[in-house]
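Engineer: Turn these sequences into a full structure, and let the hints steer you where they fit.
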Amino acid sequence: MDLRYSKEDLAFRDEVRAFLAEHLPEEISSAVRSGGELTKATMEDWHAILNTRGWLATIWPKEFGGPGWSPVQKHIFEEECCRAYAPRIVPFGLNMLGPVLIKFGSKEQQDHYLPRILDGTDWWCQGYSEPGAGSDLASLKTRAERDGDEWVINGQKTWTTLGQHADWIFCLCRTDPDVKQQAGISFILVDMATPGIEVRPIKLIEGGHEVNEVFFTDVRVPIGNLVGEENKGWTIAKFLLTHERTGIAGVGFSMQALEEVKAIARKTMRGGKPLIEDPLFAARIAQAEIDLEAMKITNLRMLFKAQEQGAPGPETSLLKIKGTVINQELKDLARRALGPAAAPFPGHVSEGNLMFGPADTEHNAGRYFNNRKTSIFGGSNEIQRNIVTKTMLEL
Amino acid sequence: MDLRYSKEDLAFRDEVRAFLAEHLPEEISSAVRSGGELTKATMEDWHAILNTRGWLATIWPKEFGGPGWSPVQKHIFEEECCRAYAPRIVPFGLNMLGPVLIKFGSKEQQDHYLPRILDGTDWWCQGYSEPGAGSDLASLKTRAERDGDEWVINGQKTWTTLGQHADWIFCLCRTDPDVKQQAGISFILVDMATPGIEVRPIKLIEGGHEVNEVFFTDVRVPIGNLVGEENKGWTIAKFLLTHERTGIAGVGFSMQALEEVKAIARKTMRGGKPLIEDPLFAARIAQAEIDLEAMKITNLRMLFKAQEQGAPGPETSLLKIKGTVINQELKDLARRALGPAAAPFPGHVSEGNLMFGPADTEHNAGRYFNNRKTSIFGGSNEIQRNIVTKTMLEL
Amino acid sequence: MDFNLTEDRQMLADTLTRFLGEKYPVEHRIKVAYEAPYHDPALWDQLVELGVLYALAPEEAGGMGGSGFDISVVFEALGKALCPEPVLGALMSSRILAAAGADQEALLTGATKYAVGITEIDAPYELDQIATVATAKGDGFTLSGRKSTVYGGQVADVVLVAAKHGDGLAVFAVNVNDVNVTGYGMMDGGGAAEVLLDDTLATLVLADAAAALKDAVNAGIVALCAEAVGAMDVTHATTVDYLKQRKQFGIPIGKFQVLQHRAVDMLTEIEQARSITIKAAAELGGVDASRYASMAKNMIGRAARLVAEESIQMHGGIAMTWEYAVSHYAKRLIMLDAQLGDTDYHLSQVMKGYAA
Amino acid sequence: MDFNLTEDRQMLADTLTRFLGEKYPVEHRIKVAYEAPYHDPALWDQLVELGVLYALAPEEAGGMGGSGFDISVVFEALGKALCPEPVLGALMSSRILAAAGADQEALLTGATKYAVGITEIDAPYELDQIATVATAKGDGFTLSGRKSTVYGGQVADVVLVAAKHGDGLAVFAVNVNDVNVTGYGMMDGGGAAEVLLDDTLATLVLADAAAALKDAVNAGIVALCAEAVGAMDVTHATTVDYLKQRKQFGIPIGKFQVLQHRAVDMLTEIEQARSITIKAAAELGGVDASRYASMAKNMIGRAARLVAEESIQMHGGIAMTWEYAVSHYAKRLIMLDAQLGDTDYHLSQVMKGYAA
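Residue numbers (numbering that gives the first Met the number 0), protein chains in the order written: chain A, 0 to 394; chain B, 0 to 394; chain C, 0 to 355; chain D, 0 to 355.
Hints are computed from structural coordinates only; laboratory data are not their basis. For clarity, every value in this text was computed on a predicted model and none was experimentally measured. A virtual CB, placed ideally from N, CA and C, is assigned to each residue, including glycine. Hints are not guaranteed to be accurate.
Said to hold, decoys possible - Distance condition first, Cα-Cα at most 20 Å in a straight line; then the derived SDA-like pairs of lysine to any residue: (1) D:K243 with A:N385; (2) B:K304 with C:Q9; (3) D:K254 with B:A132.
As the list claims (entries may be wrong) - Quick look at which bits of chain C chain A covers, simulated, 3 or more residues with Cβ under 8 Å: (4) 118–126; (5) 180–191; (6) 305–313; (7) 332–341.
What the hints assert, rightly or not - The following residues of chain C were derived to be distant from chain B, with all beta-carbon distances above 10 Å: (8) D44; (9) G50; (10) A97; (11) A130; (12) D166; (13) N176; (14) L195; (15) D197; (16) T202; (17) Q247; (18) V263; (19) V286; (20) W321.
Structural biologist: Set out below in structure tokens:
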């Protein structure tokens with residue numbers, strides 16, 4: 000039993016920390032810190048910086064351009080990126096499609112698409128969810144019918160994150176309507192510039208635009224855009240669902256959130272004293288901090304297990320459940336700490352016109368509301384509990 | 000909208016209060032206050048005092064010896080009894096069998112049994128639950144077979160509260176094994192002195208003896224001990240389940256518990272100050288007190304509705320759920336406030352040998368554990384939620 | 000004991016609910032609540048015509064109501080419709096003007112829109128921390144300080160400002176033309192303003208105003224609690240409805256026991272919130288008004304968070320969208336915690352009695 | 000980073016768990032834990048023979064372990080078996096004796112049973128509120144005061160008593176023959192004693208003992224947390240097992256989704272509790288030991304209450320009975336909150352760092 004990083008891991012941490020200190024531009028980290036939406040350019044700039052260092056495709060094998068890190072190294076990298084307020088890596092090409100192509104794609108597909116993901120030529124988005132098929136992917140309805148050398152796709156995808164920036168979308172489509180449930184689904188790549196595709200923004204609760212609906216009307220793509228076997232798309236979907244869940248607890252982001260709550264509570268006055276001296280509020284922080292300290296270790300325990308066993312187990316569902324609960328609690332505390340200062344709609348009141356509380360907190364209430372999504376998407380916490388019930392409790 | 004009692008109700012309250020001040024013996028109220036088990040004699044003495052005043056069978060109609068109170072008057076009576084730390088009326092004869100006989104019993108049964116309940120000749124207990132049939136009464140297995148002029152009963156009942164004191168038991172027995180579920184059950188009265196009955200105590204979590212198992216081996220009782228129609232016992236069981244649920248929120252008992260928590264927290268020292276000045280503990284009390292204040296009104300709202308409509312609605316399930324949660328929270332706070340002083344087993348340390356905290360708190364931890372039963376019995380809180388789901392949410 | 004509304008109040012509730020249901024569908028609310036002036040001036044006029052403001056003021060002040068139950072009836076209906084009209088400011092102003100014995104015809108007829116300036120950025124909830132200060136100047140006064148989140152301030156004609164005056168608090172009327180007012184929209188819709196007072200001319204409305212301010216706050220709390228109860232009712236009903244319609248794995252998700260029990264727990268808390276709001280309304284104006292107002296606001300804060308968060312969660316993605324009404328109900332339910340004292344502040348107020 | 004136990008510790012864990020599983024079935028535990036002397040002297044001897052006490056002391060004190068992980072391995076096994084043997088007092092005494100550089104062979108061989116007297120009725124958790132006072136008398140000292148719930152005190156030979164001495168705290172050894180000791184059984188089984196000191200002769204063990212006492216408390220907290228983790232594991236497993244077997248309305252109650260999700264939530268909290276206990280064990284003896292001990296004890300307090308209450312509720316009536324093991328696990332899980340600082344006390348300790 001030893002909770003410390005090895006000497007090698009500590010050296011690696013220092014290397015990452017030094018790299019971030021030198022190469023993460025201040026305007027990018029402040030954009031992250033402010034909590035507003037990042038521009039496409041900001042995300043692309045950051046990807047390019049990481050790619051120059053060879054640290055962009057963190058989970059790809061070395062032979063495809065990944066850094067060849069151990070799970071612990073990946074964890075350290077993510078931890079340090081959070082610590083430095085670096086942007087999250089946009090996952091659709093790098094952490095989702097990349098591994099799929101590496102495992103299921105043809106040599107031609109790998110050679111063509113992977114370098115374009117790395118150098119930023121292609122921005123990918125994900126076509127999984129449909130209206131009526133959220134956590135229940137097996138009931139999806141988007142059809143891809145074969146017509147000569149082409150797939151003809153009709154249907155609708157939704158919750159397509161950052162689809163407004165995307166050049167390509169990878170889709171689960173029904174290719175055999177006569178078989179049941181998961182069978183008869185295929186994994187197909189679609190150029191967003193193909194005629195018949197329409198992207199409509201979905202405005203979220205806090206007013207932001209990060210997800211979209213994507214409509215397909217007689218969209219024709221080459222047969223060769225199929226990844227893996229026809230009608231075996233479910234295998235790929237499952238692979239993606241269980242793949243790479245070590246960061247799922249969001250510990251780094253919760254540490255940012257905790258730091259922010261404390262900073263706000265030190266600046267905010269209540270009853271003539273800083274809010275952080277109010278025992279009831281301090282108790283709320285302390286309880287969340289304790290939960291988070293425990294989660295750090297739970298996360299490392301699962302990471303260690305994944306490293307020992309080669310694959311994450313069903314325990315990652317526990318990380319998802321508790322990780323989102325802790326993060327949401329911290330976002331609630333930030334909004335709560337600001338009190339009335341959290342009321343203005345972002346952009347309405349800022350240092351430019353009238354000083355209203357700490358200016359870097361204008362997105363606070365918005366982030367609280369936006370973050371409610373984390374316990375819903377990627378398999379809602381209810382679905383995660385169902386998974387644990389079956390796999391760990393065997394009920 | 001008027002939350003105040005009417006002039007008449009206030010006069011009634013004063014009458015009850017005066018009666019209790021004069022006739023509730025101090026040794027009885029201190030026994031209640033101490034929280035230990037009451038003796039049979041104590042309960043019988045108190046019943047006799049109430050009976051002399053005509054206030055024992057609070058829910059019986061006047062013609063059968065009840066006081067003829069309105070729901071509000073019954074509520075006021077219960078409220079005042081709690082306020083004065085009077086014992087609870089033992090409900091099995093008075094609040095359960097009595098109303099059943101009045102509604103379903105023959106003239107002979109009423110004439111014979113009701114006066115004996117009032118004057119304390121017969122102590123009744125309840126034979127409903129069986130091992131394997133808790134909240135799910137329909138699956139009960141105790142058989143009553145007709146043999147000439149007698150029922151021959153075989154089977155086992157459990158959770159028979161105060162059965163160790165009982166002269167009689169009213170039982171649900173299966174009289175037709177060939178029909179399904181609720182059909183084929185009958186309601187039968189059994190003299191506990193009948194050969195073939197064995198009562199075995201069940202020791203509870205805190206060490207107390209208030210419930211029992213009752214075993215029936217070829218127990219023979221007269222045919223005339225059937226109440227209502229043969230095979231229609233389920234109608235009676237349902238009547239009892241929905242009958243007289245106005246006190247179900249336990250508001251009076253929670254008010255006692257709140258008072259006790261505050262008293263303990265004023266006496267207990269933490270960090271050199273009374274515990275009640277500790278903001279975290281005070282916050283726990285305050286939250287429970289607010290919930291209880293709300294529950295008082297929720298209770299009155301349901302009472303008012305019952306009075307207007309003549310019968311309590313499914314909302315009483317909400318009273319049960321929240322009422323038990325509040326009461327259990329308050330019992331938790333009392334134990335928590337005592338800290339290590341709650342550790343000794345009741346009777347081990349008392350003023351007689353070594354002063355250990357307030358002597359009237361020795362049953363505190365025990366009561367916390369014992370009270371976990373309230374969210375289980377009488378239809379567990381899970382069953383109550385199922386009821387509300389069906390009746391109020393229609394899901 | 001009687002939990003029925005009087006006939007008059009029942010009629011007011013029915014009229015208002017029907018009116019808002021017809022004239023103010025949620026799509027319209029979402030549209031007007033987030034664009035300047037952050038309310039619907041035409042609707043405001045119609046509400047005034049319906050007599051909503053008269054219902055909030057007692058007869059001696061020229062109104063026709065003014066009790067806790069009048070307030071709760073009006074605001075519960077407003078809450079059901081998620082109405083962002085600046086009624087709260089009118090209510091609180093009306094009570095202050097009544098305490099001052101000042102004429103309030105202009106308020107009640109809707110001719111003049113009033114808002115109250117109590118909150119400050121460093122004294123969001125506590126009257127005794129107010130830093131805005133009044134200075135005598137000639138026959139009148141000037142005020143200096145900053146009032147934050149003055150609800151309805153973006154369209155007010157007059158702001159009643161609480162300021163230190165000698166050893167106590169007084170209330171002054173400030174004409175918006177004399178002062179720096181920055182209006183803005185809010186996260187949950189509706190508008191507010193920052194009011195910057197810099198030797199601003201002001202008229203004394205009430206000296207020794209601490210009790211009147213406390214009463215106005217208590218009345219405002221009853222209003223907010225009733226608004227929340229109305230909004231929670233709609234949110235819960237919409238959620239239960241969704242559970243019946245939405246299918247997953249081939250069956251309505253309302254058949255999943257986990258969601259059933261959570262819907263029951265929401266209902267339980269809503270009924271508890273309704274009860275404590277009734278109690279606070281009954282006690283308004285009495286000696287225990289502040290105590291029960293604190294209890295109500297604390298419980299509302301807890302219940303509203305539960306209802307908002309659970310409704311979103313149980314809907315899944317759809318309630319995360321701007322287009323779906325529940326997202327706006329949820330925002331209102333969450334954000335009203337920071338008006339007139341939040342969950343923890345009011346819990347502390349209840350605790351204050353214990354030490355004695 | 001390595002979350003595997005060393006081979007030695009794994010062997011100790013396995014041996015101890017197997018031993019207790021064989022020699023100490025729960026029926027036996029229930030029998031001995033509630034009747035004087037509130038433990039099983041034969042079992043105590045066997046535990047000592049197995050080397051349990053040596054595992055708790057470092058080599059320089061004559062032991063073979065003594066790290067946080069040694070402690071947690073031992074107490075997790077004891078917790079699984081709900082073992083009421085007075086090992087906690089031995090552990091805490093051992094650390095104090097080690098800090099004093101005193102010989103502890105008699106402790107480690109089991110020849111002398113030690114208990115610690117820290118808790119007082121008006122200072123249940125706070126070292127700085129201890130009122131028991133030491134007075135120099137001739138070559139030695141006398142003590143006056145009252146120590147409460149001295150765990151294992153009902154069978155101790157020596158009690159190490161924390162008392163005020165000059166400006167600080169010191170630890171004194173008191174022979175039970177010299178003092179008024181009232182032993183008793185506890186609600187959750189096992190025994191303790193009230194120790195009444197009235198000019199009682201005592202031997203100075205360690206002056207300036209504040210740091211050593213704090214370390215002993217931190218070690219005790221690691222022990223209690225590990226004990227709770229062991230007990231929670233068994234309680235949860237028993238509950239899940241019951242859900243599989245018990246039928247209601249014709250199907251195993253484990254098919255009810257509500258109970259499934261609640262069982263998952265319990266599991267989540269147990270894993271979190273295990274994690275923070277590992278952290279506290281790792282930090283024991285270091286500069287952050289008190290901080291992480293407080294975090295662990297707070298989280299254990301919350302998790303243990305959840306597990307105890309939910310297990311009883313999900314079992315229905317059966318877990319309310321003395322005969323059924325879960326009732327005793329639940330009692331232990333609840334009652335250990337009041338040992339060495341409860342949930343709120345330790346939360347406050349964590350908060351103390353914030354104001355700075």
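Engineer: Each hint needs a verdict: does it hold in this structure or not?
Structural biologist: Taking the hints in turn, this is what the structure says about them:
no. : hint               : in the structure
1   : D:K243 with A:N385 : 16 Å, holds
2   : B:K304 with C:Q9   : 17 Å, holds
3   : D:K254 with B:A132 : 17 Å, holds
4   : 118–126            : holds (count 7)
5   : 180–191            : holds (count 7)
6   : 305–313            : holds (count 3)
7   : 332–341            : holds (count 6)
8   : D44                : 29 Å, holds
9   : G50                : 19 Å, holds
10  : A97                : 21 Å, holds
11  : A130               : 25 Å, holds
12  : D166               : 29 Å, holds
13  : N176               : 42 Å, holds
14  : L195               : 35 Å, holds
15  : D197               : 38 Å, holds
16  : T202               : 37 Å, holds
17  : Q247               : 14 Å, holds
18  : V263               : 4 Å, violated
19  : V286               : 15 Å, holds
20  : W321               : 27 Å, holds
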